[in-house]
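Chains as they are written, first to last, in this note's numbering: chain C, 1 to 335; chain R, 1 to 315.
It is possible that some hints are incorrect.
What the hints assert, rightly or not - Simulated coverage check for chain C against chain R, where a stretch passes if three residues somewhere in it have a Cβ under 8 Å from a Cβ of chain R:
| # | region |
| --- | --- |
| 1 | 142-155 |
| 2 | 305-317 |
Said to hold, decoys possible - Cβ pair distances, simulated, as ranges:
| # | chain 1 | residue 1 | chain 2 | residue 2 | range |
| --- | --- | --- | --- | --- | --- |
| 3 | C | 104 | R | 35 | 47 to 53 Å |
| 4 | R | 106 | C | 24 | 15 to 21 Å |
| 5 | C | 73 | R | 136 | 51 to 57 Å |
| 6 | R | 49 | C | 82 | 52 to 58 Å |
| 7 | C | 85 | R | 31 | 39 to 45 Å |
| 8 | R | 183 | C | 85 | 43 to 49 Å |
| 9 | R | 172 | C | 28 | 44 to 50 Å |
| 10 | R | 27 | C | 82 | 48 to 54 Å |
| 11 | C | 118 | R | 106 | 36 to 42 Å |
No lab work stands behind these hints: they were computed from the structure.
Note that the coordinates shown come from a computational prediction; the quantities given were computed from them, not determined experimentally.
In this text, a Cβ means the ideal position worked out from N, Cα and C, and glycines have one as well.
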Amino acid sequence: MQTFRRYVLGKVAWYLLVLVVAVIANWYLPRLIPGNPVDIIISQLGGNATGEQAKHIYEVYVHEFGLDKPLWEQFLVYMGNLLHGDLGTSFAYPGTPVWTLIAQSLPWTIALQVPAILIGWLVGNALGALAAYRGGWFDRGAFLSSLFISSMPYYCLAILLLFGLAIAVPLFPASGGYSFANTPELSSDFLLDALGHYWLPFLSLVVVFIGGQAVGMRSMAIYELGADYVNYGRSLGIGDGRIVRYVFRNAALPQVTGLAISLGTLVGGALITEIVFNYPGVGSVLFGAIRQNDYPVISGVTLIIVVALVVANFVVDIAIGFIDPRIRAAQSGER
Amino acid sequence: MLGSFRRNTRFQISAGILLVVLVFAIVGPFLPGRGNPDALPGKLFDPPSWRLWLGTDNFGHDVLTQLMYGTRSSLVIGVVAGAVATLIGVVIGTLAGFRGGLVDDVLSGITNVVLAIPAFVILIVLSDALSNRNIFTMAVVIGVTSWPWTARAVRAQSTSLRVREHVDVARLSGAGTARLILLEVLPYMASYVSMAFVLQLAAAILAEAALSLLGLGPSNVVSLGIMLHWALLWESVRNGAWWAFVPPTLLLTVISFSLLMLQTSLNEVFNPRLRTSGAGRRRAMQPALGMGPVAAPVGAGIAPTEADVAPGARP
Chain C
1 MQTFRRYVLG KVAWYLLVLV VAVIANWYLP RLIPGNPVDI IISQLGGNAT GEQAKHIYEV
61 YVHEFGLDKP LWEQFLVYMG NLLHGDLGTS FAYPGTPVWT LIAQSLPWTI ALQVPAILIG
121 WLVGNALGAL AAYRGGWFDR GAFLSSLFIS SMPYYCLAIL LLFGLAIAVP LFPASGGYSF
181 ANTPELSSDF LLDALGHYWL PFLSLVVVFI GGQAVGMRSM AIYELGADYV NYGRSLGIGD
241 GRIVRYVFRN AALPQVTGLA ISLGTLVGGA LITEIVFNYP GVGSVLFGAI RQNDYPVISG
301 VTLIIVVALV VANFVVDIAI GFIDPRIRAA QSGER
Chain R
1 MLGSFRRNTR FQISAGILLV VLVFAIVGPF LPGRGNPDAL PGKLFDPPSW RLWLGTDNFG
61 HDVLTQLMYG TRSSLVIGVV AGAVATLIGV VIGTLAGFRG GLVDDVLSGI TNVVLAIPAF
121 VILIVLSDAL SNRNIFTMAV VIGVTSWPWT ARAVRAQSTS LRVREHVDVA RLSGAGTARL
181 ILLEVLPYMA SYVSMAFVLQ LAAAILAEAA LSLLGLGPSN VVSLGIMLHW ALLWESVRNG
241 AWWAFVPPTL LLTVISFSLL MLQTSLNEVF NPRLRTSGAG RRRAMQPALG MGPVAAPVGA
301 GIAPTEADVA PGARP
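Taking the hints into account, I'd like the entire structure generated from these sequences.
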């Protein structure tokens, strides 16, 4: 237990460092480039504001974003606000906190991604292990199609599915997370409507995910099938079912890492899928913000993506250290 | 070696496809009537016809001409970004692995921190901050954010090469560090680095497409991602104007698939143990631990995985 605690403490320190660097980068990188967002807002106002008004607006914005303060003070203010959960206010929707925009869209993204990742992981791993074990034509077919699908950019599949299954053959609704006539509420009517809009984006994500997992699992399982313990077990006359169970357990370890990391990328992993389907998730918020130069919203969204990923990586490391004693030992220098 | 290139069908197929794409992108713009990608020979979403084989896009551009220029920019961005990423990765990885000690600790630390931050986010932040983006700034930005996993993999390689006999012999005969790295270590990693470059190339093309789709692509130039951006923004999918979005989508898929296949086939050529079939293959597919990105390039669609980058040389 002593070594495990040391392992966890080491990881905590490491990920805190990563988190700090990530937050600083997210804050500092945009400031590295000449010109500031306020100039762009003013230039967008164009002829609507006279010189005097423009100057006043400029000063108000510069003051509001604290751009008139020295850099280190700006950073302290930013960090202080961040610790209070304050991500600033949107440019495009004045008065709306960035956090509200994100909080509205995050549930849609999570509801879309988590089931796709979990189901894709289960089906993909089963398929990959089966392909490795069965070999022959089944292996070749499953492997090649998985390889093709997983090397296809996920948004390309989304676009083709949208065209094929919503426009050419109108099986599914083509746009949005629910019908225009509906408003989000907890009624069976709304949920059914949302479910109808759910299938297509879900399908486009889950298919790509199955492909990627199957390819990874197949190569891990093939490696394990050639391991000494498998040959030894076979020579002892242990049944195939039991050997496959051992193989699956050993081959699944890296796949568990993959699962957790995918869960970490879930906020940022399907930005474009949401844009393709007009799905009301974080991706669509980001897309709108980029089109309107809504800097606070953009940096809020990127921050959420980073934090989700760093936290997921941390959880993976802890979980893996818990599952696999070898890693723990190697990290704390016992071997 | 040349013989094994010729015998490898995967290599032939993928290299053939890539050659066709390359000719399309390089020769296409010089064909008569395709000199100007901004010409407007038609109106909003004209369907394909004898005159315009792939119809027009939302502005009235000829889609086929746009496709040629778009493929060209996508390939240029991919090659430049891939080269930048591979160069940085090889320099940092070789130095860290070969020198060891404090240099290694510092460089590996930097690599791991950058690796833990999703590259795609940094890409969004950087591209968003650059108000005037051209192909080369885009390529450099993509390259600068995607080197860490190459660095990590190269470091593992050069750590093992450092203690090989031929390096010891050279060291005993008085070669300096630079000479050792250039003549004794790098040549042994060449096959490996070229495979890493192919993966970086594929990832960079997809990263550019994803950024452009979000609206953060290069200004004043057409690329495959930018074609998709406008096609989506003008609802070509929901208007049934398939000619505006299917060609760039298919081209991106074909490029990415054939690059990954090329990488796999290179791996088979350089690493003979992967070539055997049946039971032999089962032994050979030993994945190299500690390689591949910790965080897949978010949104880039593909991630070079551990199995993709099996080591060509082991101690």
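Okay, the hints, checked on the actual structure:
Counting residues of the region 142-155 of chain C whose C-beta sits closer than 8 Å to any C-beta of chain R gives 8, which meets the bar of three, so the coverage hint holds. Under a criterion of three residues with beta carbons nearer than 8 Å to beta carbons of chain R, the stated coverage of the region 305-317 of chain C is upheld, 5 such residues being counted. Between residue 104 of chain C and residue 35 of chain R the C-beta distance comes to about 48 Å, which sits within the given range of 47 to 53 Å. Checked against the hint of 15 to 21 Å, the C-beta distance between residue 106 of chain R and residue 24 of chain C comes to roughly 18 Å, which is consistent with it.
Separation of residue 73 of chain C from residue 136 of chain R is about 36 Å and departs from the stated range, judged on CB atoms against 51 to 57 Å. The given range of 52 to 58 Å is respected by residue 49 of chain R and residue 82 of chain C, whose C-beta atoms sit roughly 56 Å from each other. Here the CB-CB span from residue 85 of chain C to residue 31 of chain R is close to 58 Å, at odds with the stated 39 to 45 Å. A beta carbon spacing of about 57 Å between residue 183 of chain R and residue 85 of chain C contradicts the range 43 to 49 Å that was offered as a hint.
Distance hint check: the CB atoms of residue 172 of chain R and residue 28 of chain C are about 48 Å apart, consistent with the given range 44 to 50 Å. The hinted window of 48 to 54 Å between residue 27 of chain R and residue 82 of chain C holds, with their beta carbons roughly 53 Å apart. Take residue 118 of chain C and residue 106 of chain R: their Cβ atoms lie about 39 Å apart, and the range 36 to 42 Å holds.
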